[in-house]
Amino acid sequence: MTQDYWRWPESTWTSKDIDWKNSSTITAGVDIGSNSTQAVVMCDNSLFGYANLRTGPDYRESAGQAMKQALGKSGMTIRDIKYTVATGWGSRNVAFAQKIVDEVNCHARGARFIYGSSVKTVVDLGAQTCKAIRLYDWGRVSDFMMNDKCATGMGRGIEVMADLLQVPIQEMGERSLTVGKDPEPVSTTCYDFANTEAIGLFREGYKENEVLAAYLFAIAWRIHGTVGKVNPEKELAFTGGLAKNAGIVKRLERDMKMTALTSEYDPQLAGAIGAALIARDTVEKD
Amino acid sequence: MITAGIDVGIENIKAVILKDGEVIARGTVRSGGAKRAMSAEKVWKDTLAAARLSPSDVEKVVATGQGKGDVSFAGDRVVEPVADARAARFLYPASTSVVDVGADQVRVVTLGKGDGIAEVVMNQKCAAGLGISLKSMSRTLGMTLDEMSRQAGNSRSDIAVNDGCGVFAEMDALGLLSRNVPREEVALAVMEAVAVRINSILNDKVKPAKDTTVLVGGVSKNKAIVDALKRRSGVNFIIPEYAEYAGALGAALMAAG
Numbered sequence: 001m002t003q004d005y006w007r008w009p010e011s012t013w014t015s016k017d018i019d020w021k022n023s024s025t026i027t028a029g030v031d032i033g034s035n036s037t038q039a040v041v042m043c044d045n046s047l048f049g050y051a052n053l054r055t056g057p058d059y060r061e062s063a064g065q066a067m068k069q070a071l072g073k074s075g076m077t078i079r080d081i082k083y084t085v086a087t088g089w090g091s092r093n094v095a096f097a098q099k100i101v102d103e104v105n106c107h108a109r110g111a112r113f114i115y116g117s118s119v120k121t122v123v124d125l126g127a128q129t130c131k132a133i134r135l136y137d138w139g140r141v142s143d144f145m146m147n148d149k150c151a152t153g154m155g156r157g158i159e160v161m162a163d164l165l166q167v168p169i170q171e172m173g174e175r176s177l178t179v180g181k182d183p184e185p186v187s188t189t190c191y192d193f194a195n196t197e198a199i200g201l202f203r204e205g206y207k208e209n210e211v212l213a214a215y216l217f218a219i220a221w222r223i224h225g226t227v228g229k230v231n232p233e234k235e236l237a238f239t240g241g242l243a244k245n246a247g248i249v250k251r252l253e254r255d256m257k258m259t260a261l262t263s264e265y266d267p268q269l270a271g272a273i274g275a276a277l278i279a280r281d282t283v284e285k286d
Numbered sequence: 001m002i003t004a005g006i007d008v009g010i011e012n013i014k015a016v017i018l019k020d021g022e023v024i025a026r027g028t029v030r031s032g033g034a035k036r037a038m039s040a041e042k043v044w045k046d047t048l049a050a051a052r053l054s055p056s057d058v059e060k061v062v063a064t065g066q067g068k069g070d071v072s073f074a075g076d077r078v079v080e081p082v083a084d085a086r087a088a089r090f091l092y093p094a095s096t097s098v099v100d101v102g103a104d105q106v107r108v109v110t111l112g113k114g115d116g117i118a119e120v121v122m123n124q125k126c127a128a129g130l131g132i133s134l135k136s137m138s139r140t141l142g143m144t145l146d147e148m149s150r151q152a153g154n155s156r157s158d159i160a161v162n163d164g165c166g167v168f169a170e171m172d173a174l175g176l177l178s179r180n181v182p183r184e185e186v187a188l189a190v191m192e193a194v195a196v197r198i199n200s201i202l203n204d205k206v207k208p209a210k211d212t213t214v215l216v217g218g219v220s221k222n223k224a225i226v227d228a229l230k231r232r233s234g235v236n237f238i239i240p241e242y243a244e245y246a247g248a249l250g251a252a253l254m255a256a257g
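Just so you know, the sequences run in chain order A and B. For the first sequence, position 207 matches number 207 in my numbering, and the numbering has no gaps at all. For the second sequence, position 135 matches number 135 in my numbering, and the numbering has no gaps at all.
Keep in mind that the hints are not guaranteed to be accurate.
Simulated pairs of lysine to aspartate or glutamate, DMTMM-like, Cα-Cα distance not exceeding 20 Å [stated by the list, open to error]:
#1 Lys181/A <-> Asp255/A
#2 Lys135/B <-> Asp80/A
#3 Lys135/B <-> Asp4/A
#4 Lys135/B <-> Glu197/A
#5 Lys45/B <-> Asp57/B
#6 Lys149/A <-> Asp46/B
#7 Lys135/B <-> Glu119/B
#8 Lys35/B <-> Asp102/A
#9 Lys68/A <-> Asp80/A
#10 Lys60/B <-> Asp20/B
#11 Lys35/B <-> Glu264/A
#12 Lys230/B <-> Asp204/B
#13 Lys223/B <-> Asp204/B
#14 Lys181/A <-> Glu253/A
#15 Lys16/A <-> Glu264/A
#16 Lys207/A <-> Glu233/A
#17 Lys35/B <-> Asp4/A
#18 Lys250/A <-> Glu171/A
#19 Lys207/A <-> Glu197/A
#20 Lys35/B <-> Glu208/A
#21 Lys149/A <-> Asp163/B
#22 Lys21/A <-> Asp80/A
#23 Lys35/B <-> Glu61/A
#24 Lys285/A <-> Asp102/A
#25 Lys257/A <-> Glu184/A
#26 Lys82/A <-> Asp281/A
Facing chain B, from chain A, some residues (calculated, C-beta under 10 Å) [stated by the list, open to error]:
#27 Trp6
#28 Pro9
#29 Ser11
#30 Trp13
#31 Phe96
#32 Gln128
#33 Gly139
#34 Val160
#35 Leu164
#36 Tyr191
#37 Ile199
#38 Arg203
#39 Tyr206
#40 Thr282
Keep in mind that the hints were calculated from the coordinates and are not lab data. No residue lacks a Cβ here, since even glycine has one placed at the ideal position from N, Cα and C.
Looking at chain B on its own, in the form it has when it is part of the complex (with noise of 0.2 Å):
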């Protein structure tokens, strides 16, 4: 059996095809705007043309994410926190809970009992700008966010910037930039901020367990971040390959029943 799952986040969509149990093709696009609508259209046919199938041969599509209610073609749509969880459980099947971070939000899902789920913690509305201003901030330090992570990892300072709203981090850290500190440790200022950002919400309610947590999400992508998450939490996160399709291989599990 054929299915897909596409996940709508606020930064990129991620389409993946299944075939009975097995990734056949992923795509990603950028999302964004006004046009998502047509960007999801053009993933999942990019997506279906990378595994040489039309439309018609997919049972069925799962739609996921925040923007999962722009995806036309999608049979079912899925809240986040379950693709998530059924991602993880096929990835890991001993896996006890699963932390996604993406552009704009933070998911700590606590695995129940069977199919279940304990409990989901997400940030406030506030923590939304995570990845926004990590964005603004790799333009101002003219790094991509791949050179900002690495530049970050061969940088030793103990400089802060605020680690509480996002906007306030930027000044902080432009304020850093005027007075000549290098970039590199501008970087890891504003990686180690929003590490302690993730940290408060693992916190939160159910601390995650040590060994059989499972990391997803764009962010986990980000070596400088995962490195002072796992130092601050004391979570040796298990971080899958493709971890930024965590959310769209849930969806095209649940897809396959």
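Bound conformation, chain A alone (with noise of 0.2 Å):
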């Protein structure tokens, strides 16, 4: 039996209380990212619906995926949304979208909605970037800076390492987090190199959760000259799919010195609920 160790769990959720018939204004969120696809449908200022999918090879059936099964068995239709905006990678792929907005506000928007209308720093783990972004108290973004091109580090990253490893993708935070003192990190995140390095490492005689832990020590390091670059405040909001793993979470609060916000909604959303509140800003000036 061969494990796909690399495949993170989707979801998608329906809300059976809300009475969208009844609702005034009905919008919607696409983030496609390279690697994730999140469709959001909110009614007034309620998720009403989400999809959190892996991207495919065609976009638009990602797209389109993600919609249908955020819709789940409600009965509304693409024609219920009032207005729909797309971001993300991918973004010019949702043919049903009206307008794409950049991920950078529809995170800052969307993280406001998660962690509350106090963050003034979001922080954006995807696929292949790293993206760290500064609010104004009244929620415009003043600054934002990304990681170097390379995309490695970032969640593709990860997925390589959770196969390379053998390690079941959600559990290698948690892993990571059980050695009593971290080792050194790794010298470079490059998940080209990460075999090579990895296997070093076990011929030294380390253990499978110390490797995990210098590898999510130096991604967690990268991260943090990034968001050292934009003058965060202490706590951050952190978005996208690594903001769920808390080998890099974790040691950004212990080794870091920064406090990470919690939610009960899932961070991955984020993008996605932006675009869709962008898109109920834009339904209202109307």
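Please dock the two separately framed chains into a single complex, following the hints provided.
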């Protein structure tokens, strides 16, 4: 039996309580990243449905599929949605969207919905990029910084590591935190190097969890470097898939003296929620 | 005399049992992670069972491959280029060089006089990602490596992705997908880039001879990459039937003396 260690759980949810036919404004947001796609439907100020799926090779199909699953069995169709905003790496592929908005503004907006309106620093940890976003008190973006060109050490790299070490991707973070003392971080987060590096560590007698710790510490350090450039507040709102990796977030808190805000919402939905909220703003302005 | 070779690669572990110069059993299992030593034991047990032998029937086991140190039951170890050379000479006595393209390494072994090796050229640490980024791409494209090879073979396109870095190649490929380039064409571009990187290693020192070069290792089974590499290098590679077992075969031959 071969297990897909790299495969993260997809999720989908549709509200059974909201009477959408009686809501005044229904909007949607679709965030197509290179690895994951989220669709979110909002009725007025409430989350009505969402889907968080793996992006397939056909982006248009992924967008449609996510939307379909977010609507679920509610009886709502795309025609009932007043306005849809698309964002993300593949945003131009959302045929049913009226507008495209950049990821920075969508994540900023979504993070304030998820973590509350006091959020001033947002850190989006995606499949290929780390974006640190600084906000004014009233929520507008004042500054933002991205990792350098290379995509390594982000979500795709984590998938590669999960596959390489044969550790289920959702368990990597927690497992890495079970080591008593973190070993030296690996010298590079490059995942093309990672196998050579990881095997070398095994040979030196490192245990599996220590290899994870060495790797995740290096990633946290790289993120810390990007975040440091936007003059961050102490409290950070993490969004994106890696926000769910405790091995990265806890190290940023423990070793780099940052505080991660928590929420009941899935932080991976931030971009799409932000897009749906911006869609609502657009409707209200008209 | 019965001997065996175990080749512990980064992606797969291969075992070959040899009886009087003939292969009587082969086995393979997925490698990787901290459990690699256990996987080596598993493939060894399975291969013995396939040959209906018990461990005591086997005179000697020799291990090779990146994880050769993890094979507790090996009587001896041999470095990979030596195992490659031995297998190539055994399979094709007239061969003059052997190219081994695995999950993370490209080796060009130029055979010398007698049993000797004249030169070994390997990729630098960085091209190590070859197999890794291919696999990562196959997940994104929703195709197995076999399917990528087949579909790319049917596709004609001159789009390209970065051929210097596997991570950048993936970023380029993801950009193409977001612009609705068909996935077959993206697969082709990724494989062409791999061929470019392998070819640069072929050209590094001793260029392999046109008609007496043996190609082994897992990637030799990928037709799209092999075709691209043949076209780019002008080398008409000889590819043995069980090319991915060449290292294990070489080790088993070394065990026989």
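Taking each numbered hint in turn, which are not upheld by the structure, reported in ascending numerical order? Numbers 2, 6, 7, 8, 11, 13, 16, 23, 28, 29, 30, 31, 33 and 40 - these are the hints that the structure violates, sorted from lowest upward.
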